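Engineer: So you can see what is in the structure, the chains are spelled out below.
There are 2 protein chains.
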Amino acid sequence: MTTLSDAELETLLRYWRAANYLAVGQIYLRDNPLLREPLRPEHVKPRLLGHWGTCPGLNLIYAHLNRLIRQRDLDVLFICGPGHGAPAVLANLFLEGTYSEFYPHITGDEEGLRKFFRQFSFPGGVPSHCAPQTPGSIHEGGELGYSLAHAFGAAFDHPELLVCCVVGDGEAETGPLATAWHGNKFLNPASDGAVLPILHLNGYKIANPTVLARIDEEELTALLTGCGWHPLYVSGDDPAQVHRDFAAALAQAADAIAAIQRQARNQPGRIERRRWPMLVLRTPKGWTGPKTVDDKPVEGTWRSHQVPLSDLHQHPERIAQLEAWLQSYRPEELFDESGRPLPELRAQAPEGNKRMGACPYANGGLLIRDLRLPEFDDYAVSVPYPGGTDAEATRALGRFLRDVIRLNEDLRHFRLMGPDEIRSNRLDAVFEASDRVWLGRLLPTDEHLAPEGRIMEILSEHTCQGWLEGYLLTGRHGLFTSYEAFIHIVDSMFNQHAKWLKEAREVPWRRPIASLNYLLTSHVWRQDHNGFTHQDPGFIDLVVNKKSELIQVYFPPDANSLLFIADRCLRSRDCINVIIVGKQPEPQWLDMDAAIRHCTAGIGIWEWASNDQDGETDVVMACCGDVPTLETLAAVDLIRTHLPEVKVRVVNVVDLMTLQPPEEHPHGLPDKAFDTLFTTDRPIVFAYHGYPWLIHRLAYRRTNHKNLHVRGYKEEGTTTTPFDMVVRNDIDRFHLVMDVIDRLPQLGARGAHIRQLMRDRIIDHKRYIVEHGHDMPEIRNWRWPRET
Amino acid sequence: MTTLSDAELETLLRYWRAANYLAVGQIYLRDNPLLREPLRPEHVKPRLLGHWGTCPGLNLIYAHLNRLIRQRDLDVLFICGPGHGAPAVLANLFLEGTYSEFYPHITGDEEGLRKFFRQFSFPGGVPSHCAPQTPGSIHEGGELGYSLAHAFGAAFDHPELLVCCVVGDGEAETGPLATAWHGNKFLNPASDGAVLPILHLNGYKIANPTVLARIDEEELTALLTGCGWHPLYVSGDDPAQVHRDFAAALAQAADAIAAIQRQARNQPGRIERRRWPMLVLRTPKGWTGPKTVDDKPVEGTWRSHQVPLSDLHQHPERIAQLEAWLQSYRPEELFDESGRPLPELRAQAPEGNKRMGACPYANGGLLIRDLRLPEFDDYAVSVPYPGGTDAEATRALGRFLRDVIRLNEDLRHFRLMGPDEIRSNRLDAVFEASDRVWLGRLLPTDEHLAPEGRIMEILSEHTCQGWLEGYLLTGRHGLFTSYEAFIHIVDSMFNQHAKWLKEAREVPWRRPIASLNYLLTSHVWRQDHNGFTHQDPGFIDLVVNKKSELIQVYFPPDANSLLFIADRCLRSRDCINVIIVGKQPEPQWLDMDAAIRHCTAGIGIWEWASNDQDGETDVVMACCGDVPTLETLAAVDLIRTHLPEVKVRVVNVVDLMTLQPPEEHPHGLPDKAFDTLFTTDRPIVFAYHGYPWLIHRLAYRRTNHKNLHVRGYKEEGTTTTPFDMVVRNDIDRFHLVMDVIDRLPQLGARGAHIRQLMRDRIIDHKRYIVEHGHDMPEIRNWRWPRET
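Keeping their order, the protein sequence lines are chains L and B.
Okay, so the first sequence: first residue is 24 according to our numbering, each after it adds one.
Okay, so the second sequence: first residue is 24 according to our numbering, each after it adds one.
Don't take each hint at face value.
Any copy will do: because identical chains look the same in the list, a pair fits if it lies in one copy or spans two.
Only pairs whose alpha carbons sit at most 25 Å apart, straight line, appear in this in silico DSS-like list of lysine-lysine [claimed, not checked]: (1) Lys570 with Lys789; (2) Lys525 with Lys789; (3) Lys670 with Lys695; (4) Lys695 with Lys729; (5) Lys789 with Lys138.
Calculated directly from the structure, the hints in this document are not laboratory data.
Bear in mind the structure is a predicted one, so any value in this text is a computation, not a measurement.
Start from the sequences, fold in the hints, and give me the full structure.
Structural biologist: The structure is reproduced here in structure tokens:
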């Protein structure tokens with residue numbers, strides 16, 4: 024079943040030797056790159072870092088993908104799950120010439136090679152795994168588990184693209200990877216590209232065998248078949264035979280993909296899920312490396328994982344062993360006099376942008392087109408006066424997103440992701456514009472499921488996040504909506520994406536991509552019915568640990584504010600935006616003009632709610648988040664009723680980052696402006712959506728920090744009523760009034776009396792809910808008093 | 024293939040009707056629990072909460088497990104993946120009588136039933152999903168994905184236990200669940216119990232079909248077979264037939280389990296992995312509920328997910344529909360005059376502790392035995408004087424853990440978990456005492472792999488965490504070691520476990536369990552070789568958001584401190600302990616006596632490093648974390664050399680929680696003690712392991728906070744040298760000296776001169792590493808000067 028001529032095989036084997044040589048060279052050599060003099064200790068790096076074990080397999084795959092691209096003129100994006108195999112990826116970039124094009128100081132000759140080797144995992148050089156600095160890569164691979172979800176994200180809406188994704192057998196043990204196989208149920212063969220997974224069974228992790236390498240092939244076939252794939256196996260340790268077999272299997276896979284796509288694209292009828300091909304490559308870990316070291320087996324074992332020959336400076340005899348290993352690739356047959364790879368090796372790679380290192384899809388900012396956005400104010404909720412109407416903020420946003428989908432239908436570059444919560448989060452209007460992508464079986468009772476669609480729902484936050492990352496990194500736009508508490512599931516993926524963005528911003532050839540937008544709703548204060556497990560606002564704390572120029576956290580207090588903020592986020596680039604807002608019907612505060620003014624500033628005094636316009640401010644009542652805003656205004660209402668002499672200023676915070684000093688965040692308010700809003704000496708009672716200490720952390724350098732008193736979620740919750748949630752955390756209207764009274768001793772006995780009144784109301788509340796099962800009418804029906 | 028007599032079937036069907044009735048009653052009724060008068064609006068709860076869709080299937084499973092236990096006298100722990108199916112679980116607890124035993128106010132009669140219905144999802148009542156308050160449960164199910172890993176954790180080392188784990192088809196889409204199937208490669212049929220997964224395909228999530236319900240049975244069989252299981256299917260919507268089939272399938276599964284165990288336990292020879300049975304139950308979502316509502320199909324669709332008939336108070340005609348639904352279970356045939364379930368229904372459950380609600384394994388604190396701990400000081404590293412020796416802290420701990428394993432070998436109640444990092448984290452000594460559990464194929468080259476073992480490694484942090492949680496919740500002990508950066512992968516699982524512990528502490532009948540211990544090493548400062556993706560100390564910030572009495576965060580500065588802290592953590596109960604320490608060779612500061620004194624206090628002045636004993640302190644140099652401690656001491660050394668007149672006090676923090684006020688954390692230092700350590704007016708230069716603002720957050724209320732200057736990780740990293748990592752984040756010795764000088768203007772020109780000298784050394788460093796690839800000898804060889 025071979026498709027490889029002997030001559031082709033010969034060249035492929037030489038190419039593979041060259042790539043392997045370059046991989047070993049990067050790990051070990053700081054000088055004498057072509058071994059043109061005997062290897063001496065001073066040629067060897069002082070610290071040996073890098074992962075050899077996976078490299079020979081990666082090199083083999085890359086070589087054959089080169090051939091496939093040449094033969095079939097394909098656009099291939101290469102995703103390297105074993106990201107620590109960067110020596111292999113870099114070796115191929117060097118051979119195909121892209122590396123020197125992106126980094127001209129790495130010339131193609133011996134001197135360039137010396138630098139190329141030296142820089143690897145060297146201070147001031149390049150990381151030991153694929154990174155934003157790596158041409159052709161959208162996937163870091165430092166933290167394992169996300170390669171296959173990234174691959175699907177890249178393939179969606181790129182019908183001409185083939186994403187080849189190498190999955191390591193270590194990575195395959197992770198949860199996110201284990202469920203990512205099911206991406207094939209969401210891939211449309213007509214309008215999406217193809218994903219070709221290549222499961223590389225080299226048998227070992229750091230120090231253990233891998234699960235999938237130690238089950239029978241029959242069982243593995245069942246597993247992959249059960250995940251919807253048609254696995255093609257290539258196994259062995261004889262290079263020539265493995266190359267032959269791999270060429271054949273790859274051709275078979277490419278034929279199968281082409282057939283599936285042809286059928287879906289050229290024949291009318293319903294698009295259905297197909298059984299896509301995939302490859303399983305079983306080769307020895309550290310193949311072609313040292314067979315033994317100190318009489319212990321190395322090739323084909325976990326001892327090949329990183330640096331098979333280590334501590335060379337303590338074991339001079341290993342210098343000779345390293346030299347023999349390097350010489351086994353016969354570099355003199357691979358490089359010319361000047362040190363350049365021989366032309367026939369270079370010719371193994373395709374030309375121009377067909378080279379995987381030059382793949383434009385890997386630099387999404389090259390391809391991105393602006394998202395067409397409707398005028399957000401067309402979706403405004405009519406707010407005749409503050410509190411004059413109720414609305415569900417996310418429902419308003421749903422109408423806006425519906426039209427985002429419609430306006431961009433032909434560009435096919437916007438998707439909405441969610442773990443089965445789009446409807447629960449009340450964004451239903453989007454279904455007027457699009458269906459959920461579903462390639463599985465359909466039943467007559469199904470609604471809004473179709474092979475085509477802009478909406479993706481799978482009960483895996485990992486998959487949603489991974490898909491969206493892949494989609495954005497290849498030049499598109501999107502939004503991920505989740506329950507607030509469960510976004511913690513992807514904390515680590517958020518971290519890694521933030522790290523990618525930080526690094527990518529420093530890579531001159533990387534173009535800006537669309538921001539990663541989170542809409543967190545069903546938030547901590549409105550998970551009363553779902554109980555304590557669903558109550559967690561801690562994602563914000565994670566987010567603000569990242570580089571401040573990358574991150575934005577928004578708390579729109581109502582629907583019109585949300586529309587403005589969503590529009591801003593969808594326009595932004597190279598950031599991570601977090602929007603936190605409720606989905607329940609709530610009083611609306613700002614008409615669209617007011618919302619625009621307020622959200623543009625990010626923070627401001629709500630004059631209409633304040634009564635300190637003429638006279639000294641007694642207290643600043645600050646609020647951030649929709650529920651804290653509601654409770655603050657209700658508290659202000661109580662103060663006006665019971666303590667009309669108190670001059671209250673209401674400050675609302677939409678953009679959390681305004682609280683930080685400007686040197687910490689680009690949105691940070693200058694100290695002077697901060698002092699103007701918060702005064703320098705009046706008490707501040709601050710009602711905040713999340714864990715209260717975050718406000719202290721952001722504002723501890725501000726003049727009036729000593730008078731800042733923050734209420735927020737203090738990890739008290741259960742299954743109860745919405746108002747009881749705020750009461751349990753002392754952030755309800757009654758507690759807020761008490762907090763104000765406690766800070767205004769001048770109120771004396773009158774204050775004490777009102778304080779007791781508030782205390783009594785809390786007791787009334789507790790009694791009422793246990794009796795009736797819902798909140799008191801005075802709470803549910805409270806509205807901001809209209810003052811005309 | 025039936026094993027069910029007609030009489031048995033009849034009783035089972037009645038039991039099932041009773042359980043379904045009780046489930047619906049909990050969701051809807053606040054009064055008139057037995058419909059002994061016509062149903063009126065005031066009998067219906069004002070807020071309808073709960074998840075009906077999964078209940079009929081759960082009730083069927085529970086009924087058949089009851090029968091299995093009775094027939095075979097089994098010990099069964101029931102894990103309910105669809106945790107929102109609490110109405111079903113509670114219904115069965117009520118029927119078997121355990122609920123009234125745990126909660127005597129819920130009497131077994133009509134009045135008890137009224138309270139039982141009313142309390143569900145009602146303020147002051149019980150949550151809408153399984154929770155610590157639920158007898159017989161170790162699994163919350165609020166956040167999906169962890170049921171099967173919990174089940175395996177419970178089964179390890181409980182050879183007599185059968186863990187039946189219902190996996191919802193929604194949950195099955197999550198990553199953690201998708202990889203948890205592979206737990207069977209780590210389960211020893213001789214010395215562990217059995218896990219019987221029951222995949223419940225009811226077809227829908229909240230608003231979407233599920234992936235696994237819409238693939239062909241052949242494909243699903245392949246998937247489950249590929250995961251190493253033997254699936255037995257039961258499908259249908261005819262109750263009698265499904266009951267018959269389920270009884271037969273369950274008997275077949277139980278037979279197969281018994282055969283596997285018998286063979287492994289009674290026959291000599293190597294224990295091997297076996298193909299365990301599992302069940303797949305395909306029944307309609309919301310089975311027996313309303314077929315349609317408003318002409319829309321409900322039974323068998325996603326519309327049954329939560330409350331199929333909603334807004335009853337707005338739609339009075341639905342009251343009749345609800346009544347008809349409830350009456351369809353014919354309650355008058357199920358309950359006696361007094362409202363008690365008929366004796367033959369009660370008799371369906373087994374007796375005493377065999378009832379799943381009374382399963383002692385679900386209240387692990389009942390079973391726990393103290394861990395036998397060796398004397399930790401026997402493992403002390405000899406430290407003749409501070410800095411007088413180097414050691415790898417985790418290697419010392421490895422020797423201690425080795426003997427923990429040995430001492431508890433016969434009790435089989437301690438396990439060590441790690442994502443393939445035990446050796447990399449230098450705990451290798453444990454392999455002298457035990458192997459890694461591995462039921463897969465073995466090769467001659469393998470080391471320390473065996474079916475028996477105390478050490479568990481799989482490249483899935485989710486699985487490690489889930490296993491350990493299950494192990495601890497059922498009364499055992501353990502430690503989870505991970506790279507610091509990647510522990511974020513289980514942020515959300517940590518959150519949920521912390522929430523469980525908080526609630527469990529408030530449940531009077533729950534007994535304390537062993538704490539969840541994390542050893543985080545390969546930490547941010549020593550991931551220079553692995554690069555930016557491996558550098559993240561943010562887990563600490565997540566941890567300190569949880570209820571303070573539950574959490575401890577320790578930074579032992581050296582090996583002896585680590586031994587003391589590890590011993591403390593392994594003795595503790597009902598907490599989550601996080602230990603952060605490096606694995607690299609580092610100078611050792613404290614002999615064992617000093618370590619005990621220092622760690623007992625949790626914070627203290629290091630007199631031997633301070634020179635303010637006679638005279639006024641000029642500056643406090645505080646440090647927390649091993650690398651910050653090293654840099655601080657090196658900075659003190661520089662100050663002594665160049666600015667001997669400066670009186671420095673060194674404060675080291677082991678127990679991070681001491682920084683908080685005592686009202687915030689039980690370990691919090693009283694203000695007076697804090698002021699004594701940190702002074703009330705001297706500058707404090709604080710070198711901290713993690714993100715610096717956390718220290719401000721913890722200490723912002725302290726007297727001297729205004730003079731507190733914190734250095735820490737500010738998200739700067741790459742592949743570089745260890746010392747360059749600290750330099751990039753301004754926490755190195757040179758920057759620390761500059762920080763001190765900047766705060767002591769009295770040093771004048773001399774200070775400015777030394778400041779410049781420090782600046783020059785940083786430049787020297789940058790030059791040196793780019794040239795040599797490792798840190799300057801003066802850095803690598805620096806040791807604290809011995810002063811005798």
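Engineer: If the cut is 25 Å between Cα atoms, do Lys670 and Lys695 qualify within a copy, between copies, both or neither?
Structural biologist: within (22 Å within a copy, 37 Å between copies)
Engineer: Evaluate Lys789 and Lys138 at a C-alpha cut-off of 25 Å and name the case that applies: within, between, both or neither.
Structural biologist: Classified as between: cross-chain Cα gap 18 Å, same-chain 72 Å, threshold 25 Å.
Engineer: Go through the copies and call it for Lys525 and Lys789: within, between, both or neither, with a Cα cutoff of 25 Å.
Structural biologist: For Lys525 and Lys789, only the inter-copy Cα distance (22 Å) is at most 25 Å; the intra-copy one is 49 Å.
Engineer: Within a copy, between copies, both or neither: which one fits Lys570 and Lys789 at a CA-CA cutoff of 25 Å?
Structural biologist: between (43 Å within a copy, 23 Å between copies)
Engineer: Using 25 Å as the alpha-carbon threshold, which applies to Lys695 and Lys729: within, between, both, or neither?
Structural biologist: The answer is both: 16 Å in one copy and 19 Å across copies each meet 25 Å.
Checked against the numbered hints above, the structure breaks none of them.
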